[in-house]
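Each chain, written out:
There are 2 protein chains.
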Amino acid sequence: MSGRLLGIGTGPGDPELVTLKAVRLTRTAGLVVSLAASGRPSRARRIMAPHLPTGVPEITVELDMGPDRTAVDRAYDQLALDIRAEVARGHDVAVLCEGDPLLFGTFIYLLQRLPDLPVEIVPGISSPHAAAARAAWPLATGDRAFAVLPATMGIDRLRERLARVDAAAIIKVGSHLPAVRALLGEWGLAGEALLAVQATTEAEAITPLGAYAGETAPYFSLVLTRGLGGARG
Amino acid sequence: MSGRLLGIGTGPGDPELVTLKAVRLTRTAGLVVSLAASGRPSRARRIMAPHLPTGVPEITVELDMGPDRTAVDRAYDQLALDIRAEVARGHDVAVLCEGDPLLFGTFIYLLQRLPDLPVEIVPGISSPHAAAARAAWPLATGDRAFAVLPATMGIDRLRERLARVDAAAIIKVGSHLPAVRALLGEWGLAGEALLAVQATTEAEAITPLGAYAGETAPYFSLVLTRGLGGARG
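Chains A and B, in that order, are what the protein sequence lines are.
By our numbering, the letter at position 177 of the first sequence is numbered 177, and the numbering carries on one by one without gaps.
Offset between the second sequence (1-based) and our numbering: plus 233.
Bear in mind the hints are in silico, worked out from the structure with no lab data behind them.
As the structure is a prediction and not an experimental result, all values here were calculated from the model.
For every residue, glycine included, the Cβ atom is placed at its ideal position computed from N, Cα and C.
Treat the hints with care, since some could be wrong.
Said to hold, decoys possible - Derived coverage of chain A by chain B (criterion: at least 3 residues anywhere in the stretch with Cβ under 8 Å from a Cβ of chain B; other residues may be distant):
| hint | stretch |
| --- | --- |
| 1 | 4-16 |
| 2 | 32-41 |
| 3 | 92-104 |
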């Protein structure tokens, strides 16, 4: 009997926005792995906590998210070795991943290190879908284009991409908020855009972008906006 | 006590890829609404069937998906009136929506007709996430851009948009398959691209795009591909 690497999407934050399959596979795994920024609790584990049976073997790996990638790479390398050993013993290893494992998920870095293992991935609700649902904000209809654009790509690249889609979720806004707000203002889109912070969690805050006074946005926030749909640019 | 309009994302096809919240709200609704193309069973209802209690009041509305939009618009108008009446009686009305209600979902057309009703939307796993999970195909990492692009926008617009994202799910491929394949071939991307038909259902078929012999793709299929990321175009 062979074990598997399981990538479990835990969704955006609300423990009820977890799929039945995510719950079942996590409950029957031989080892549950969570990842956390060092000094902080794992967000994915917090979401799954109500669904974890007592006594399930668990490890939480802390990642030092500082500017030096070497430490993070070493942590992934070691975790990949540990997972490989556990799978070789015939156990399923469930890696808990906030949102969707394959859309900006840390799970991708494990998958790249373990391409030969049997793998099963459970998709999860990602934050753009969660924010849209909470705001009753249609993402796309008909032949429209929708994109997920990290603000970290830089404002020039963001401008170019946003000009050619009909709607977008701009993620990883953080310190890029003033530049994002200026860009959307220039195009007359700021009035309609929304800033969504931690949608579906207890810390949720969804406000019109124009009404948000801060100069930076929290890391776990995104902007829902229309794009220009190719009308310019 | 006031009723609510509930938009329930049922996910891509596997009844286990439904969220706990979707199951709970559907079970306690006073009326469950499904939409279907005329003459066919509702896909969203089939997904939720294992979770529906016996005896729950249900209606299924058939939409004539022919070239004449008038009949479809009238069907939405009538359904909106029926939902409004039921909500006014204090009942929750759960509208079942395949995938995510707000990403190319028919639910959007009901929402537009009922902007004043109390609404709760449960996000669902959309088909790009489902196909990526089944193929272990990372959608995006770091500062990359990911887009959902309907092939129905036409090949010139598709070319322009795909040139500026790093990865995309091209949906509604259908009869546009030859044009999509030619475009990706021109850019040297066809070899890596995947055609995913009805991912997570019993009819699932995921094949390299180059290995797919058909001249058209089924309606419920999509292509996962890299884009040019702004390198050209």
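For the stretch 4-16 of chain A, count the residues whose Cβ lies under 8 Å from any Cβ of chain B; is that count three or more?
holds (count 7)
Three residues or more, CB to CB closer than 8 Å: is that satisfied between the stretch 92-104 of chain A and chain B?
holds (count 5)
Are 3 or more residues of the stretch 32-41 of chain A near chain B, judged by a Cβ distance of less than 8 Å?
Our answer is that it is violated, as 0 residues pass the Cβ test (under 8 Å) against chain B, missing three.
In summary, the structure is inconsistent with hint 2 from the numbered list given earlier, while agreeing with all the others.
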